[in-house]
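There are 2 protein chains.
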Amino acid sequence: MDLTERSLRSEQVYDGVLLDVRRDEVRLPNGETSGREWIKHPGASAVVPIDDEGRVILLRQYRFGPGREFWEVPAGKFDSDGEEALDVAKRELAEEAGVEAAAWTRLGQTFPAIGYSDETIHLFLAEGLSRTEEHVDDDEFVEPFRMPFAEAAAMARRGEIEDAKSCVALLLAAAVVDARDLD
Amino acid sequence: MDLTERSLRSEQVYDGVLLDVRRDEVRLPNGETSGREWIKHPGASAVVPIDDEGRVILLRQYRFGPGREFWEVPAGKFDSDGEEALDVAKRELAEEAGVEAAAWTRLGQTFPAIGYSDETIHLFLAEGLSRTEEHVDDDEFVEPFRMPFAEAAAMARRGEIEDAKSCVALLLAAAVVDARDLD
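Taken in sequence, the protein lines are chains A and B. Per UniProt numbering, the very first residue in the first sequence carries number 1; after that it's consecutive. Per UniProt numbering, the very first residue in the second sequence carries number 1; after that it's consecutive.
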């Protein structure tokens, strides 16, 4: 069955600093029409940074929507459409965690909110970490912590990493690290 | 360090059928002010339904924002604030997968888009499945499939379940099922 919904008309209903909100009238598979409201998002990258001692760098960050702090992996949005996902990952790793990485592994991608956003988050494992000159952004209130990666992966499996992108990134990284250990 | 951002002023900037978009002026931890745009969301429940043959029911669903189909677990939004997460899970399991469950296990909760939404998704494992009279919603274009749960969990670990809530739900369910097998 072809489940595709085709846009008949699209309009921007809110043009914010962060959010670009669209409303489309669509043709459903059964021929009827319906409305779709969604966020047009530039995309993002998220990084699981593991140092030579097997520790992961996680951030403690306050998020206004939910109104509380979360454990997160370093992550950030694309500045422009032409940007490469890996370049965004490198920038955010430097800005949020203050490190650069010698080895990068692609973990895949995750779509955090397919019901109302086109956001794609590209996921990476970063290893061979060293401090960069670049300091943490002044306007980012994030606190970096290092903890054993195995402990963070166990937290994710127990449902204690409640930010979806961070949970997915840690569990995909754990699958890669576990597969290596089997070799 | 107290990372809390306090709202100084809040306004609704778009009042849609699906999306309730807010803009707040906030006081940052350093005393400066900034703007926060976010979606006020009623919350949702998502279910990993595993039948007596060890198969999970997944849905194939087209999503307009990303413009493609995804593998998803049955899930849906709260209709009203007073609703219980478990009741929403039961309703969506019936409407989307056409089954009811004898045994329910809470897996935790995930926040899919903490940068711009307050949405919380409550995650459940549902077992002891039987068909319900209630038929699949006419206005939901979803195709249910049954596959071995171990296979779906392996897909999630390989990054092949790209919907974040479904990936998190499957991996948390796998942790619960794996822990039982160790007993």
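Check the hints yourself; a few may be wrong.
Since the list can't tell identical chains apart, any single copy or any two copies may satisfy a pair.
Within a straight-line C-alpha distance of at most 25 Å, the following computed DMTMM-like cross-link-like pairs (lysine to aspartate or glutamate) qualify [what the hints assert, rightly or not]:
hint : residue 1 : residue 2
1    : Lys77     : Glu32
2    : Lys77     : Glu127
3    : Lys77     : Glu5
4    : Lys40     : Asp24
5    : Lys77     : Asp183
6    : Lys40     : Glu100
7    : Lys90     : Glu32
8    : Lys40     : Asp20
Hints are computed from structural coordinates only; laboratory data are not their basis.
Taking the hints in turn, this is what the structure says about them:
Taking the closest pair of Cα atoms, Lys77 and Glu32 come within 25 Å of each other only across two copies (23 Å); inside a single copy the shortest separation is 36 Å, beyond that limit. In this assembly of identical chains, the alpha carbons of Lys77 and Glu127 lie at most 25 Å apart only when taken from the same copy (21 Å versus 39 Å across copies). Proximity of Lys77 to Glu5 under the C-alpha cut-off of 25 Å is restricted to the inter-copy arrangement: shortest distance 21 Å between copies versus 27 Å within a copy. Both within a single protomer and between protomers do Lys40 and Asp24 lie at most 25 Å apart by alpha-carbon distance, with minima of 12 Å and 20 Å respectively.
Taking CA atoms no more than 25 Å apart as the test, Lys77 paired with Asp183 passes in neither setting, with 35 Å inside one copy and 43 Å between copies. In this assembly of identical chains, Lys40 and Glu100 lie within 25 Å of each other by CA distance neither inside one copy nor across copies; the values are 30 Å within and 36 Å between. Taking the shortest Cα distances, Lys90 and Glu32 never come within 25 Å of each other, neither inside one copy (45 Å) nor across copies (28 Å). Both within a single protomer and between protomers do Lys40 and Asp20 lie at most 25 Å apart by alpha-carbon distance, with minima of 5 Å and 15 Å respectively.
Going down the numbered hints, you'll see the structure goes against 5, 6, 7, while the others check out.
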